[in-house]
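If you read the protein sequences in the order shown, they are chains F and R. Numbering-wise (our numbering), the first sequence opens with residue 1 and increments by one. Numbering-wise (our numbering), the second sequence opens with residue 1 and increments by one.
Just so you know, the hints here were simulated from the structure itself, not pulled from any lab data. Fair warning: there could be bad hints in the mix.
So, partial list: chain R residues that the calculated Cβ filter (under 10 Å) puts toward chain F [unchecked claim]:
| # | residue |
| --- | --- |
| 1 | G55 |
| 2 | L71 |
| 3 | F106 |
No more than 20 Å apart at the CA atoms, straight line, and that leaves these computed lysine to any residue pairs for SDA-like [what the hints assert, rightly or not]:
| # | chain 1 | residue 1 | chain 2 | residue 2 |
| --- | --- | --- | --- | --- |
| 4 | R | K183 | R | I98 |
| 5 | R | K52 | R | Q72 |
| 6 | R | K77 | R | K88 |
| 7 | R | K83 | F | Y23 |
| 8 | R | K77 | R | K109 |
| 9 | R | K51 | R | A40 |
| 10 | R | K77 | F | A28 |
| 11 | R | K52 | F | F24 |
| 12 | R | K48 | F | L40 |
| 13 | R | K77 | F | L40 |
| 14 | R | K183 | R | F85 |
| 15 | R | K109 | R | D73 |
| 16 | F | K32 | R | K109 |
| 17 | F | K32 | R | Q36 |
| 18 | R | K83 | F | V52 |
| 19 | R | K52 | F | E22 |
| 20 | R | K77 | F | Y16 |
| 21 | R | K51 | F | Y23 |
| 22 | R | K77 | F | R51 |
| 23 | F | K32 | R | D163 |
| 24 | R | K77 | F | T53 |
| 25 | F | K32 | R | I31 |
| 26 | R | K51 | R | K88 |
| 27 | F | K32 | R | E38 |
| 28 | R | K52 | F | Q8 |
| 29 | R | K51 | F | E30 |
| 30 | R | K52 | F | G20 |
| 31 | R | K48 | R | D73 |
| 32 | R | K83 | F | E38 |
| 33 | R | K83 | F | L48 |
| 34 | F | K32 | R | K83 |
| 35 | R | K77 | R | N111 |
| 36 | R | K109 | R | R33 |
| 37 | R | K77 | F | Q35 |
| 38 | R | K77 | F | S46 |
Note that the Cβ used here is the ideal one computed from N, Cα and C, for glycine as well.
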Amino acid sequence: MKDSEEVQRLVRLKRYETPGEEYFSSFADEFKDRQRSEMLSRSSRSLLAERVTVWFDGLHGAKWLVPAGAAAAAIGVGIFVSSDKVESEGSPQSALVGHVTAVNEVSENDPAQLAEENIHIKLPKPDQRVPNLKSSFPGNGFGLLPASSRGNLREL
Amino acid sequence: METARTTAVTSSREVTDGKKIRRIDPDQDLIVRSRQGETAAFDELVEKYTKKLYGLVYHMTSNHEDTNDILQDVFAKAYRALKRFRGKSTFYTWIYSIATNMTLNFLKKRNRRRTMSLNDVDLAIERDKDFIEATSKSDPVREANISELQERLNMAMQQLSDDHRAVVTMFDIQGMPHAEISKIIGVSEGTVRSRLFYAHRQLQTYLEDFRN
Chain F
1 MKDSEEVQRL
11 VRLKRYETPG
21 EEYFSSFADE
31 FKDRQRSEML
41 SRSSRSLLAE
51 RVTVWFDGLH
61 GAKWLVPAGA
71 AAAAIGVGIF
81 VSSDKVESEG
91 SPQSALVGHV
101 TAVNEVSEND
111 PAQLAEENIH
121 IKLPKPDQRV
131 PNLKSSFPGN
141 GFGLLPASSR
151 GNLREL
Chain R
1 METARTTAVT
11 SSREVTDGKK
21 IRRIDPDQDL
31 IVRSRQGETA
41 AFDELVEKYT
51 KKLYGLVYHM
61 TSNHEDTNDI
71 LQDVFAKAYR
81 ALKRFRGKST
91 FYTWIYSIAT
101 NMTLNFLKKR
111 NRRRTMSLND
121 VDLAIERDKD
131 FIEATSKSDP
141 VREANISELQ
151 ERLNMAMQQL
161 SDDHRAVVTM
171 FDIQGMPHAE
181 ISKIIGVSEG
191 TVRSRLFYAH
201 RQLQTYLEDF
211 RN
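Build the full structure now, drawing on both the sequences and the hints.
Here you go:
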C-alpha cells in the first residue's frame with residue numbers, strides 16, 4: 001500500500017508538466033481561426049438546416065408539437081391533393097383528357113380494336129366490279145361503271 | 001485526498017424540482033448560447049477546458065505536437081456535435097469522453113504504425129519551473145536527477161497499456177474521482193479500480209530506483 005502511494009506521488013509530479021500561458025492563448029486563437037474558416041466554407045443551406053434543428057431541439061417542453069405538426073402537414077397535403085382531384089374531374093378540359101385517356105386505354109388493351117387497325121381492303125378486279133360488263137367496253141379503263149349503269153346505281 | 005478530487009470545474013449544482021433532483025450543468029448557459037450560434041460562447045468553453053484536456057491528452061501521448069493536433073480536433077468535433085448534446089452528463093464529462101476516445105483511437109493507429117521510441121517522448125518541458133520546484137521539495141526524489149526522473153516517468157507511463165495509462169492520467173495526475181472516470185471511459189468503477197491497481201503495480205517496477 002505504501003509502495004503504491006509512493007508511486008502515485010511520483011506520477012503526480014507529472015501534473016506540473018504543462019506548457020506556458022502563451023501556448024494556451026495561441027491555441028485558442030488557432031482554434032478560432034480554424035472554426036471561422038470551417039463556418040465560412042459551409043453552405044448557407046446547411047447553416048439554415050442547423051439553425052432549424054437547434055430551434056426544434058429547443059422545444060424540449062413541447063415535444064408533442066413535432067408529431068402534431070407532422071400530422072397537420074400530412075392532412076394539409078391530403079386536402080390539397082383531393083381538392084385538386086375534384087377540380088380536375090369537374091372541368092371540361094379534364095373531361096376530354098379523361099376521355100382520350102379512356103380511349104387510349106381501350107385501344108391499348110382491346111385486341112379486336114388492334115386487329116381492326118391492320119385490316120386491308122381487297123378490291124375486286126375492274127372487270128368483276130360490275131356484273132355482265134364486257135371487257136371491251138370503252139369506259140372500262142377510265143372508271144368503275146359504264147355510263148348506262150350509273151343511273152341505276154344512283155337509285156340503289 | 002479524495003476530497004481534492006472534485007474540482008470547481010466539474011461540480012454541478014443540484015436543484016430539487018418537486019421530488020426529482022435535477023443537476024444543473026455549470027456550463028449550461030455557454031452551451032445554450034453556443035448552440036444558438038454564438039461563437040464567443042464556445043470560445044469561452046475552449047479557454048475553460050483547454051488546460052485540463054491538454055493534461056489528459058499529453059500524458060496519454062507524451063508528445064506535444066500530437067496533443068496539439070488532437071485537441072484541435074476534439075474541440076472542432078465537440079462544436080459540430082454540440083447540437084446533439086442532450087445534457088445527460090455535464091459538458092465537462094462529455095468533452096472529456098470525446099477527448100479520451102479520440103486519443104485512444106489515435107494511439108491505436110500510432111501503435112499500429114510503429115512502436116514508440118524515446119524520440120517520440122517529449123522532454124521539452126523537463127525544465128518547467130513548477131516541476132523543478134515540486135521535485136526538489138519532495139523527499140524521496142530530492143537527490144535524484146530531475147531530468148532522469150522525468151524521463152523515467154515518461155517511459156514508465158509509456159510502458160502501460162493505453163487503457164491503463166488513461167486511468168492513471170485521470171486519477172493520479174488529474175485527480176479525478178473513480179466515479180467520474182468510469183462515466184468518461186464508460187466502464188464500471190470496479191474496472192477503473194482494477195486497472196489502477198495493475199497499473200500502479202507495473203509502475204512500481206519501473207520506478208523502483210526513485211522510491212527510496
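Verification of the supplied hints:
no., hint, in the structure
1, G55, "holds, 7 Å"
2, L71, "holds, 7 Å"
3, F106, "violated, 17 Å"
4, R/K183 with R/I98, "holds, 12 Å"
5, R/K52 with R/Q72, "holds, 14 Å"
6, R/K77 with R/K88, "holds, 18 Å"
7, R/K83 with F/Y23, "violated, 29 Å"
8, R/K77 with R/K109, "holds, 19 Å"
9, R/K51 with R/A40, "holds, 18 Å"
10, R/K77 with F/A28, "holds, 15 Å"
11, R/K52 with F/F24, "holds, 11 Å"
12, R/K48 with F/L40, "violated, 25 Å"
13, R/K77 with F/L40, "holds, 16 Å"
14, R/K183 with R/F85, "holds, 15 Å"
15, R/K109 with R/D73, "holds, 16 Å"
16, F/K32 with R/K109, "violated, 27 Å"
17, F/K32 with R/Q36, "holds, 17 Å"
18, R/K83 with F/V52, "holds, 11 Å"
19, R/K52 with F/E22, "holds, 16 Å"
20, R/K77 with F/Y16, "violated, 28 Å"
21, R/K51 with F/Y23, "holds, 10 Å"
22, R/K77 with F/R51, "holds, 18 Å"
23, F/K32 with R/D163, "violated, 31 Å"
24, R/K77 with F/T53, "holds, 18 Å"
25, F/K32 with R/I31, "holds, 17 Å"
26, R/K51 with R/K88, "violated, 24 Å"
27, F/K32 with R/E38, "holds, 12 Å"
28, R/K52 with F/Q8, "holds, 19 Å"
29, R/K51 with F/E30, "holds, 15 Å"
30, R/K52 with F/G20, "holds, 13 Å"
31, R/K48 with R/D73, "holds, 16 Å"
32, R/K83 with F/E38, "holds, 16 Å"
33, R/K83 with F/L48, "holds, 13 Å"
34, F/K32 with R/K83, "holds, 19 Å"
35, R/K77 with R/N111, "violated, 23 Å"
36, R/K109 with R/R33, "violated, 36 Å"
37, R/K77 with F/Q35, "holds, 10 Å"
38, R/K77 with F/S46, "holds, 16 Å"
Hint check: violations occur at hints 3, 7, 12, 16, 20, 23, 26, 35, 36; the rest are consistent with the structure.
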